[in-house]
Structure formats: structure tokens, C-alpha cells
Amino acid sequence: MTQLALVIDLNVCVGCHACVTSCKEWNTSGWAGPMTDQRPYDADPTGVFFNRVQTYEAGVFPNTETYHFPKSCLHCEDPPCVPVCPTGASYKREDNGVVLVDYDKCIGCKYCSWACPYGVREFDEQQKVMKKCTLCIDRITDMTLPESERKPACVLACPTRARIYGDIHDPDSEVSVAIREQGGYALQPEWGTKPSNHYLPRRKTRIQIHEDELVRVDNPLKKEELPTLPDVGETLDDVAW
Amino acid sequence: MRLDKAFSWEYPLSVHGLMHNAITNAWRGDPYKIDTLLLFMANMAWNSSMNTENVRKMLTDKDETGEYKIPFLIVADAFQSETVAFADLVLPDTTYLERHDAMSMLDRPISEFDGPVDSVRIPVVPPRGDCKPFQEVLIELGSRLGLPAFVKEDGSRKFRDYPDFVVNYETSPGSGIGFLAGWRGKGGEKFLKGDPNPRQWEMYKENGCVYHYELPKSYQYMRNWNRGYLEWARAHSMTRYAEPITIHLYSEVLQRFRLAAQGKWPGRIPPERLRKRVEDNFDPLPFYSAPLEHKLVDTHTYPLNALTQRPMAMYHSWDSQNAWLRQIHTHNYLFVNPRTAEANGFGDGDWIWVESPINKVRCMARFSEAVEPGTVWTWNAIGKAAGSWGLSPKANESQKGFLLNHVISEELPPCEAGDHMSNSDPVTGQAAWFDVRVKIYPAEAGEPEVTSPQFKPQKRVPGQDPKRGKWQAFVAGAFRKKAKIQE
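Protein chains in written order, with the numbering used here: chain A, 58 to 298; chain B, 97 to 583.
Read the hints as simulated data drawn from the structure, not as lab findings.
By construction, the Cβ of each residue, glycine as well, lies at the ideal position given by its N, Cα and C atoms.
Fair warning: there could be bad hints in the mix.
To be verified - Here are the simulated DSSO-like cross-link-like pairs (lysine-lysine), alpha carbons at most 27 Å apart as the crow flies:
(1) A:Lys185 - B:Lys301
(2) B:Lys566 - A:Lys167
(3) B:Lys360 - B:Lys372
(4) B:Lys313 - B:Lys360
(5) B:Lys391 - B:Lys372
(6) B:Lys286 - B:Lys254
Unchecked claim - Reference listing, derived: stretches of chain A covered by chain B, where coverage requires no fewer than 3 residues with Cβ under 8 Å from a Cβ of chain B:
(7) 68-78
(8) 83-93
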């Protein structure tokens, strides 16, 4: 069985929020939209985001680190939000494991957001229904798109390629290899939800430089003879305003 | 002399100009008075100025005869910025999607590692209302004023509009070098250098608005001393010389200025008051020196450095009023190391004052272990003036957000070099944004919990109504009819 998921590399994420805005841009106009905003240009604006980046600090100066932690629905293999739903609006797709909400069945009771230990469900205060990350279901299942674009908007937008997407049940997929080889971990495994999304931990990079690499032994200390070239007239270097 | 005194002995190599001094200099009438100030997009009544509160006063200050010291202010902008509120004449600019643009080879665009690239923008929607691309305004001005680049020998107009200008302008008559490097020559058969091509815009459009010249593999690497590349670049007029380009650890150029200051150079010499400054700072070898401001202010009274930095989700003030982006950052804090805060008697989230020798701002403190204890910092351009940028006067940006610029001086305290020296690097004129020294202390109990200074809310102008609703549900394409865009 296929289980689609994201793997997010915390060693690479710089907290630019490109995934946050590209997510909203795609999904507000798509299958899961709209993603409403309350008081958009007034005091205390708030609204629906399927993906948010939280920033944490760890340590005491000068041994401090800043972590940017993108958070969206983890598409659990055993999602606690599904069985608590009284109307069957909250469901997990059997073919690819994506957890979704059918807005037509949702009555806005919020049981699912109480059940979710990760706080990733987003209640639309205007439409009074629960919304959440769909893994861009209307992109990843759209066979009219070229395969390279059949990925969530956040993955395509990430400038540092901190987000990888694929099937975690396929042991040879890029995501499975990353989880296996780079210490990928799931959030709060003690809840038994078996989150599909994984995170790759921060890694220390230490530069090893040896003295002999800094000193050039073959430094010629001489200028090469330059050829005389024909005059080409005005050049870009001559432009001045 | 330029209004900002760039390229004078005060800042001899100021290639970027000293925008932060233009208004102060115009207001003081030094080096001269001006009759018109034309600003494009620069938010000079807010986050693009230092000493912002006083610069705002200068924009409306009058002389003893009752005349404005800066008599006429024209502002071209696509948004209702803080600066637009001061304009005598507003020229509504277009956004990028409504106009032609050239990311020109003359501006040395970023390009690709495998060869030079330039690109254009071609409008995808018509401009709304009376908006006009600023480029068109400049072409119109240049033509009507009869500036040499814009008129023929008989004084008649040379360029119809901006697209025509981009195609037909040459750096000098017949040079074959113009704004765009692609599809030059009569039929578009040449590149980098060639006659103007009347169909150049069409050819860019057919090619995704980008021209990319891919260099042979052997020219792609270490181009600063790749002989094949350098000779190719020279042959195609990309560079003047084919010599290797190296970093000058010993700069002959700087040494010449130093010799002039020492009176050992046969040419021009700096005026007496600046001789020591030029001699000290034009060291041909790299050297460390404390910031000029630190030598001139009392660093015991003002013990901390204060910095600003842009948040990653935004760029300047432009578009940070966007409904989604302002949910990411609606206001800023002053980031302070907990030990520094403890020493100054306040806690996380408390209202505090940040005071420099010229002004003070009230804001909220946020503890951070990621900041050096002798430094405090905040985000730039999140704080806005009440009512600006189409936001409500109660928006968090103006009530909880703040601008550090109020405490940063655009001029140094009086010193040997002069009474009104710019607070800038003495060689390049680079604005000394990070040199400000401050002290921080808690706000008094009972002080209002809003940032200070506050300004009278900006008035809404025609076109800003109808008012926006309490809810917004953006769906792409839903506004096409409202915007009168044809399918």
C-alpha cells in the first residue's frame, strides 16, 4: 500500500516561509479552498494556513541554535482525527494514505482538532468547517500535470530543497532512503499515531582544514604575458551615466 | 556637486550614492536649495530614511518667509506608502505585471554560471486607472526637457515610449551596445553587440522573455582569470580589458587618495578640514577601525549596538502589508539577550525605551539567547505609520510595530571634518545603519501600551474605498470581472 508523505530536513530549512505562502496560494484556489482570512487589513489579522513555520531557540549564548520547524498535517498511518469524527467527514484515502476532510459532511464540531496531538488542523471560522493540509491532493493526483510537477506546492517552492515528497512504504523511494540513512524521525511516536511525515535532524558540520591545504607550494609569483588584442571600440565597462 | 555630496572629498568613491542624506541636505540648503524633489518607490518618510521623525518634519518645514524649504515633492509609487502622504503630486506607478521592464546587461544582471543572461518583462494585464509605468514618466520628462540622450540634433523627440527606448538606445551613436543583449542586429542575428532590432521585444517574447548565451564549457569556470573567457568577453565588448581580475589587497587607487591628502600627489588635494580624514581612511591595505560614530558619542551612556535586519518572508516595506504576509509578521520586537535585559531591569515581553543620542522609541522586548549581550536588534520595515499601506490605523504594524530608524542619525556629531558629515563610510558613502549606539530601560508603569513615536493616522485617499470587509477569501480569478479584465 502506498503512503505518501513529506520528509523535512531541519538541517537545511532556513525559515523563509516560501512553503507557507505557496501552500496558501495553491490551496486557496483549489480543491481545499478557500482559506479565509479574518480582519485581513485590520488589527490582529488571522486566517487559515495548512502549513506554518515555528521558530525555536535552543541553548545559552554563545552556544545557541535557532531551529525553523515547518509543521503541517503529518498524514498519520493511524490518524486519531478519523475515528472521532461523528459524520465521517474526516477520512484517510486508501489508495495513497492522504488524510482529508469532506467539507460537505463536516459540522464543525472540532472533535478532530481535540484528538490531533499535533495541533495541525485548521478551523475555518467563516465557513465553520475543519480544514487541513491535503498534501496538495489536487496536484499529486492530477495526471494532466507532468510528473515533475505532481508534487505538493510547498515541495516545489522550497528554495533549499528542505522538503522531500514520496511514498514511505516504498523502501527504495527518496523519502525512505532519507529516513533510513539520515536518522529521520516521527513526532511524538508515544501516541501511536504513526505519523507518515518525518523530520531529518540537525547535524553538526565541522570543517577539517590541514595546514598544508592552506599554503600553496606551486605559487609562481609571476604574471603571465598578456596577448595584444584588436581594438573593439566601446565596451560595457565604458558605459557611464 | 550632487545633492547627496556623493563623489565629493567627503565620500569620494560613493558609487551607490547617499540617499539617506538627500532630504536633510535639501532641507538645509547645503550644498544648495532645490525646487523639486522627485522620489520613486523609495520610502523616504519611513523605513528608507534615518532619523525618520525629524526627516518627516523637514519635508513640511518652512523658512522665515513662510515658504516650504522643500517646495515641491513628487512621489511615484504603486502603494499608499508613508512617503506618498507627503507628496504634492502623486504619480501612481504600475506593478511589475502591468509594464515593460528590462533586466539589462548594462545593469550587470545576475546571469547563469554558464553564460550571460538578460531578461524582460512584458505586461500581462493593462494598467489600472491613471497608473503609468515610472519608466514612461522618465522618458516623457527627458524628452520634454530636451535632455541630450532623449532628443535628436534638431531637438525633436527621439523615443516614442519606453519599449522604443529599450530597443533603440545605444550607449553612444553606433556603439551597438544597448539595454538588451539578445537578438540584436537588423534581423536579430547578433548578440551582445549589434544594431538595434525593431523586432527585439517580439523575439524576447517568443523565447520566454529571456536571453541566455551559453559559453563553451572551457570558458565557464574561474572566469576572473580564464584566459579564453576573458578574451571572448573583450572581443564581445563585455569588458574593457582581458587581464585577469584579481582582488587588490594593496589598492593603488586608495593610495592615490592618501598621497593627495598628504600633499604628495601632483593633482587635486582635499580641503584642509578633510585631509586627515582622507589620509586616515584611504589606507591602501585593509585595516580595522571602530565605527566613526562610536568615536564621537558617549559609549558609556549608550553602551549597546543596535541593528536591523529584514525578515525572510518580506522584502522592504513593499508588499509586507499583504494579507498573508502580515499574518507571518504583524509587528516586531526588540530582541535582547536575557542577561542584558536583567541588567536593565525588564522582562520578556515588557514595554521598554530604546534611546540613542538623537531620539528614542518605545517598543516591546523579546528575549533571545541568539543575540550577543552587547547588541540588540529588530526587524526592519515591519513597523508602519498608522493608516499607511492601506491598513487600518489600528493595525498591529503601527500600534505594536516600531521603526528603529528614528534613533539612527543620518549625520555624525560635529567633528574635525565638519559639522554635518553624513553618517556613512568615508570611502564609499555606505550608510552606517549598524553604527548606532543605544541604551535601553523599562517604560514607566502607566505608559500607554503602544509603540512611540505615533503619528496622526494617514488619511484614506480616493480609490482606497470601498472599504475592505472583515473577511477575505481569496480565490484566484474571482476578481477578474471586478478588475475589468477580459477573458
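Lys185 (chain A) paired with Lys301 (chain B) [C-alpha distance capped at 27 Å]: violated, 46 Å
Check of the region 83-93 of chain A against chain B for coverage (Cβ-Cβ below 8 Å, three residues minimum): Satisfied; 6 residues make the cut.
Distance restraint between Lys360 (chain B) and Lys372 (chain B), which requires alpha-carbon spacing of 27 Å or less: holds, 14 Å
Pair hint Lys566 (chain B) and Lys167 (chain A), alpha-carbon separation not exceeding 27 Å: It holds: about 23 Å lies between the C-alpha atoms, which stays within 27 Å.
Coverage claim, chain B over the region 68-78 of chain A, checked by counting residues with Cβ within 8 Å (three needed): The restraint on the region 68-78 of chain A holds, since 6 of its residues have a Cβ under 8 Å from chain B and three suffice.
Straight-line alpha-carbon gap Lys313 (chain B) to Lys360 (chain B), limit 27 Å: Not satisfied, since the Cα-Cα distance of roughly 48 Å exceeds 27 Å.
Agreement of Lys286 (chain B) and Lys254 (chain B) with the hint, judged by alpha carbon distance not exceeding 27 Å: holds, 24 Å
Restraint status (C-alpha distance of Lys391 (chain B) to Lys372 (chain B) at most 27 Å): holds, 15 Å
In summary, the numbered hints that this structure violates are 1, 4.
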